[in-house]
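Make the full structure from the sequences, and use the hints.
Going by the working numbering, the sequence shown opens with residue 160, and the numbers climb by one from there.
Hints listed in this document are in silico derivations from the structure and should not be mistaken for laboratory results.
Hints may contain errors.
Claimed, not checked - Here are the computed lysine to aspartate or glutamate pairs in the DMTMM-like style, where the Cα-Cα straight-line distance is at most 20 Å:
hint, residue 1, residue 2
1, K360, E281
2, K193, D335
3, K375, D290
4, K193, E332
5, K193, E331
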Amino acid sequence: MRSPQGLATALTVLLSAGAAVDLFSSGVGLYTRKLMTDYAADPASVESGSLDLSDFLTIRIGFAQGLFSLAIAVVFIIWFYRVRCNGQVFRPDCFSRSAGWAIGGWFIPIGNLFIPYRTARETWEASTPYDPDGTHRRVSAAPVIAWWLVFTASELLYRFGSAQYVRAETPEEIRDTCAFNAAVDLTAVVAAVLAVVFVRKLTALQRARAEELLLKRTAPGAATAAV
160 MRSPQGLATA LTVLLSAGAA VDLFSSGVGL YTRKLMTDYA ADPASVESGS LDLSDFLTIR
220 IGFAQGLFSL AIAVVFIIWF YRVRCNGQVF RPDCFSRSAG WAIGGWFIPI GNLFIPYRTA
280 RETWEASTPY DPDGTHRRVS AAPVIAWWLV FTASELLYRF GSAQYVRAET PEEIRDTCAF
340 NAAVDLTAVV AAVLAVVFVR KLTALQRARA EELLLKRTAP GAATAAV
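This is how it looks when you write it as structure tokens:
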């Protein structure tokens, strides 16, 4: 079993920075929307410098979002695999698939809409501590559910918004697409916040569970039983 704490800390930093970039992207989208609204009403009222600035910011922020998305995806999958393997140590009977699905499940079309969620729920359940009577403590899975619902919604909306942006040609179409994508960026910010909550909570559960196992193994009764 290996501690996921370092990866959780790295994810917290990356997700927070990525959320800040998404928030800025939403602002750029609203700025472009205003320009397109003014341009549709009176093209002469919009200076070319403002349009150039909008293009510059849109390209740069899109590049930054791509970099952060890649970095977050890599670190998150490594963390996800590690906590899944730890869960196997805690309660191997909790899982319906092998640990490799914690990685592979993300890359299967359609399957990536539910396989990672199932893995996350099972890992969460396996990581819950015991009560004094020896039964597993019930810990609300709300952090898992909330993160997954908002994350999948954000991803689907992003794909739709990107397709709409590519097809947009008129000022009115660009205006409407920018407004939609600004809202999508805000959804991504919420998803990032919920991801941080999920990552930190599950990491804390596993830390507590590991300490619990260590205490059991070093308890005088355990040593006597072993003899």
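Do the hints match the structure? See the list:
Between K360 and E281 the CA atoms are separated by roughly 15 Å; this keeps the pair inside 20 Å, and the hint holds. Distance check on the hinted pair: K193 and D335 sit about 10 Å apart at the alpha-carbon level, within 20 Å; holds. Pair hint K375 plus D290 holds up; C-alpha atoms about 13 Å apart against a cutoff of 20 Å. For the proposed pair K193 and E332, the alpha carbon gap of about 13 Å is at most 20 Å, so the pair holds.
Straight-line distance between C-alpha atoms of K193 and E331 comes to about 11 Å, which keeps the hinted pair within the 20 Å bound.
Against the hints set out earlier in the document, no violation occurs for any number.
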